[in-house]
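A.B. asks: Line by line, the protein sequences give chains A and B.
The first sequence runs 1 to 250 under this note's numbering.
The second sequence runs 1 to 154 under this note's numbering.
Simulated from the structure, these hints should not be mistaken for lab results.
Warning: the hint list may mix true and false statements.
Stated by the list, open to error - Footprint (simulated), chain A over chain B, 3 or more residues, beta carbon under 8 Å: (1) 7-16; (2) 147-153.
Claimed, not checked - A few chain A residues that don't get close to chain B, going by computed Cβ distances all over 10 Å: (3) ALA10; (4) ILE14; (5) ALA28; (6) HIS129; (7) ALA143; (8) ASP232; (9) ASP236; (10) LYS239; (11) ARG240; (12) GLY242; (13) VAL244.
As the list claims (entries may be wrong) - Okay, the calculated beta carbon distance ranges per label pair: (14) B:SER96 to A:ALA194: 32 to 38 Å; (15) A:GLY164 to B:ALA115: 16 to 22 Å; (16) A:GLY168 to B:ASN103: 32 to 38 Å; (17) A:VAL135 to B:VAL90: 37 to 43 Å; (18) B:MET1 to A:ARG30: 43 to 49 Å; (19) A:ALA159 to B:THR2: 50 to 56 Å; (20) A:ALA194 to B:LEU131: 54 to 60 Å; (21) B:THR118 to A:VAL244: 23 to 29 Å; (22) A:ARG30 to B:VAL90: 28 to 34 Å; (23) B:MET1 to A:VAL19: 21 to 27 Å; (24) A:THR249 to B:THR118: 18 to 24 Å; (25) A:ASP192 to B:ALA100: 46 to 52 Å; (26) B:ALA115 to A:ALA194: 41 to 47 Å.
No residue lacks a Cβ here, since even glycine has one placed at the ideal position from N, Cα and C.
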Amino acid sequence: MRARNPFLQALLLIVLASVIAVVANAFASRTRRLVLPGFYPNALRVPPRVPERVLPTPVAPAQPAPVTQTVTDVGRASARPDVTTTAPVVAPPVVTGTTATATTTSAPPVGRAEARPTLGDDLARFQPHPDKAYVEISGEDAAALYAKGVLFLDARRSAAYEEGHIAGARPFSVWEADVDDKVNALFEERQDPAEQNKPIVIYCTGGACEDSHMLAQKLWGVQFNNVYVYKDGFPDWQKRGGAVRTGATP
Amino acid sequence: MTAREALTHPWLTVRVQIALGIIFIVAAWPKIVDPPSFAHMIYNYRILPAGLINISALVMPWVELVIGLCLILGVWVKPARWIVAAMLVVFMIAISINLARGNAIDCGCFDTSAANLTYEERIRDMWMVLLRDAGMLLMIAQLAWAERKNRLAA
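Bound-form chain A, shown alone (with noise of 0.2 Å):
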């Protein structure tokens, strides 16, 4: 109390507060703690621009395996802080057509056509979309991919998600701190090309919910190319009469 000093006064006041944060942060629990500095990358930027993307070094057809490459773009490789700086990087596919451009006939034809996951006729239109984070779909289409069994990723909060979620859906709240960790054992999980292709379909609340919009990035960020957002989320999915379970498990 000895500072006379008002400007230096309120100087510590905030300098206190802000140790007190700090500690209380460290010692919150999973859902509640933040990460420092907090970082979502592109979150100010929904719906997201297209980055340019990185292409992998150009690789002899016959070459069976994917290529393995380093991260180098900013945006990408920061959305994926965890995750070790050397991935396999699959090749963008041909999007439209039989000419391809210069950049897309430099991904290995054979290993991209083994990394295609095997889908249904249900499922043919969900494509892998290398070139955009997400593409979203209807609650028609979310019906559909639920039907064939594709992975869905509630990302609202898990307080949220305990109340209700979609009967097999994993909590992935982009908003608590483990969510990195989350995404980094899923793509450890789905460390396969094709396995990496599979359609995975994020929901939160709809409406101008845009939680799942930036999972999404932070997934397309760790080269997950079929990513979905279910745009009228968990409430769309009630209305539909969908499956629902409620708990912290899926």
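We have chain A; now place chain B onto it with these hints.
C.D. replies: Structure of chain B alone, referenced to chain A:
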């Protein structure tokens, strides 16, 4: 007693100071309990760079709590008052920017859960928040005025 004397009377000053302190502690608590939700609220404002969202969500509620306690306990009242005034001005600017953008948001002032409101209801709430913050600035002005008067009288 004149209006000026009434407005700068210690009886009123103490109560205004305590009321402000209570308001800030009440505002701080839900944010301290659930920082990720408050970070989400800050994100909705679309003003801060992404890298500053979490640190703001962590520190701001504790600043509110500390200055609220200072006002109630009568410790370092002057710097606490300055911080309150600065925060109120920042809040008002942030709300005004989003009103100008037509971006209807929950202010996250006393509650960090998203309210189930229509666009028009949210916009109306934002105007109410501006009025409320202006009222609190008047409370700060009263405290400053009373202190100045007491200093001159002494």
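A.B. asks: None of the hints should be skipped; say for each whether it holds.
C.D. replies: Evaluated hints:
1. 7-16: violated (count 0)
2. 147-153: With 0 residues close enough to chain A, the hint is violated.
3. ALA10: 4 Å, violated
4. ILE14: 6 Å, violated
5. ALA28: 7 Å, violated
6. HIS129: It holds; A:HIS129 is separated from chain B by about 24 Å at its closest Cβ, greater than 10 Å.
7. ALA143: Check passes; 25 Å lies beyond 10 Å.
8. ASP232: 16 Å, holds
9. ASP236: 15 Å, holds
10. LYS239: 15 Å, holds
11. ARG240: Given that every Cβ of chain B is farther than 10 Å from that of A:ARG240, nearest at about 20 Å, it holds.
12. GLY242: 21 Å, holds
13. VAL244: 19 Å, holds
14. B:SER96 to A:ALA194: 32 to 38 Å: 52 Å, violated
15. A:GLY164 to B:ALA115: 16 to 22 Å: 19 Å, holds
16. A:GLY168 to B:ASN103: 32 to 38 Å: 35 Å, holds
17. A:VAL135 to B:VAL90: 37 to 43 Å: Once the Cβ atoms are compared, 38 Å apart, the range 37 to 43 Å for B:VAL90 and A:VAL135 holds.
18. B:MET1 to A:ARG30: 43 to 49 Å: 58 Å, violated
19. A:ALA159 to B:THR2: 50 to 56 Å: 54 Å Cβ-Cβ, so the 50 to 56 Å window holds.
20. A:ALA194 to B:LEU131: 54 to 60 Å: 58 Å, holds
21. B:THR118 to A:VAL244: 23 to 29 Å: Given about 26 Å between the Cβ atoms, the range holds.
22. A:ARG30 to B:VAL90: 28 to 34 Å: 31 Å, holds
23. B:MET1 to A:VAL19: 21 to 27 Å: Given range 21 to 27 Å: violated, Cβ gap about 45 Å.
24. A:THR249 to B:THR118: 18 to 24 Å: 35 Å, violated
25. A:ASP192 to B:ALA100: 46 to 52 Å: Since the Cβ atoms of A:ASP192 and B:ALA100 sit about 50 Å apart, the hinted range of 46 to 52 Å holds.
26. B:ALA115 to A:ALA194: 41 to 47 Å: 44 Å Cβ-Cβ, so the 41 to 47 Å window holds.
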